[in-house]
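Position in the sequence shown (first residue = 1) + 64 = this note's numbering.
Treat each hint with caution, since some may be false.
[To be verified] For lysine to aspartate or glutamate, the following EDC-like pairs were computed, each having C-alpha atoms within a straight-line distance of at most 20 angstroms:
hint	residue 1	residue 2
1	95	331
2	305	363
3	86	331
4	86	75
5	305	87
6	86	96
7	333	87
8	342	75
9	86	363
10	95	240
11	342	240
12	342	331
13	86	341
Just so you know, these hints were derived from the structure itself, not from any lab.
Note that the coordinates shown come from a computational prediction; the quantities given were computed from them, not determined experimentally.
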Amino acid sequence: MVTMGQCYYNETIGFFYNNSGKELSSYWRPKDVVVVALGLTVSVLVLLTNLLVIAAIASNRRFHQPIYYLLGNLAAADLFAGVAYLFLMFHTGPRTARLSLKGWFLRQGLLDTSLTASVATLLAIAVERHRSVMAVQLHSRLPRGRVVMLIVGVWVAALGLGLLPAHSWHCLCALDRCSRMAPLLSRSYLAVWALSSLLVFLLMVAVYTRIFFYVRRRVQRMAEHVSCHPRYRETTLSLVKTVVIILGAFVVCWTPGQVVLLLDGLDCKSCNVLAVEKYFLLLAESNSLVNAAVYSCRDAEMRRTFRRLLCCVCLRRSSHKSAHYTSSARTGASTRIMLPENGHPLMDSTL
Numbered sequence: 065m066v067t068m069g070q071c072y073y074n075e076t077i078g079f080f081y082n083n084s085g086k087e088l089s090s091y092w093r094p095k096d097v098v099v100v101a102l103g104l105t106v107s108v109l110v111l112l113t114n115l116l117v118i119a120a121i122a123s124n125r126r127f128h129q130p131i132y133y134l135l136g137n138l139a140a141a142d143l144f145a146g147v148a149y150l151f152l153m154f155h156t157g158p159r160t161a162r163l164s165l166k167g168w169f170l171r172q173g174l175l176d177t178s179l180t181a182s183v184a185t186l187l188a189i190a191v192e193r194h195r196s197v198m199a200v201q202l203h204s205r206l207p208r209g210r211v212v213m214l215i216v217g218v219w220v221a222a223l224g225l226g227l228l229p230a231h232s233w234h235c236l237c238a239l240d241r242c243s244r245m246a247p248l249l250s251r252s253y254l255a256v257w258a259l260s261s262l263l264v265f266l267l268m269v270a271v272y273t274r275i276f277f278y279v280r281r282r283v284q285r286m287a288e289h290v291s292c293h294p295r296y297r298e299t300t301l302s303l304v305k306t307v308v309i310i311l312g313a314f315v316v317c318w319t320p321g322q323v324v325l326l327l328d329g330l331d332c333k334s335c336n337v338l339a340v341e342k343y344f345l346l347l348a349e350s351n352s353l354v355n356a357a358v359y360s361c362r363d364a365e366m367r368r369t370f371r372r373l374l375c376c377v378c379l380r381r382s383s384h385k386s387a388h389y390t391s392s393a394r395t396g397a398s399t400r401i402m403l404p405e406n407g408h409p410l411m412d413s414t415l
């Protein structure tokens, strides 16, 4: 007999799963095999791509700038997410029942910490891009101390959200508050996590929208005095493409999972969240793979560094060509804009 208000620290994982109504299989079902196979594939790809990004940033001196510290931190967070999801894949299905309470919280904490760090870094990158554009400041001149503090803040927030459930934000002493998707966690934790991610997305929309309108306004103003009007229009279109890709990737990967987390957190009895939770978590994890493509692989210099690392061939290019910028140079999703004012470059912002 379950008594509300009593704590159940000595119970098994099966006890809490039965309480929440989540099935705990004792054998490998076809859907378990599919989820694990897909999960292992995604995890390995996440690990390889983000290791490549980190190696590229470390080996190329041109990337030893504050903005690339954030890109490196994003790759590190996504690498951590790959490790956390790999750990989950080796401790899921029938193996879940064998976990101790500490083991289950470790599995959940690794996942929550890594994904929180990844999302928070995306916001930090958007904020720094906004500051550099509005301050008409080169990314190479960003204060290193501020960027380092941003990175520290990201991991403090991530570790806080990841460790809280194991220490206080659980339902071991309040079984009526247990989540269905994560039977040892309080529903309020899931709701807060989902709302926090939604807030991050809205802030990113606001930041990138402000950047876009500011740059478009500057481009239109400069185009009135420069004959290369089509190039300025091309710059604006490239910026639109960049913003759409960044926000679109976030929406596609994160929205489904956040919706089911919020529904479970709000205790929606009629919502069958358990039917899709594993697939939506896999989709959220795939964002760690997409980030490498959106924020790194579409940069021409980064691609050259990737090829050099992968082929182990030094592709020597003259430094004056790579350092020379035209009035509006576009390198994939990284749009560098130079708006001349009084004969001097006004802005050179990697968007």
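Taking the hints in turn, this is what the structure says about them:
no., hint, verdict
1, 95 x 331, "violated (25 angstroms)"
2, 305 x 363, "holds (14 angstroms)"
3, 86 x 331, "holds (14 angstroms)"
4, 86 x 75, "holds (16 angstroms)"
5, 305 x 87, "violated (44 angstroms)"
6, 86 x 96, "holds (14 angstroms)"
7, 333 x 87, "holds (16 angstroms)"
8, 342 x 75, "violated (25 angstroms)"
9, 86 x 363, "violated (44 angstroms)"
10, 95 x 240, "violated (29 angstroms)"
11, 342 x 240, "violated (23 angstroms)"
12, 342 x 331, "holds (18 angstroms)"
13, 86 x 341, "holds (11 angstroms)"
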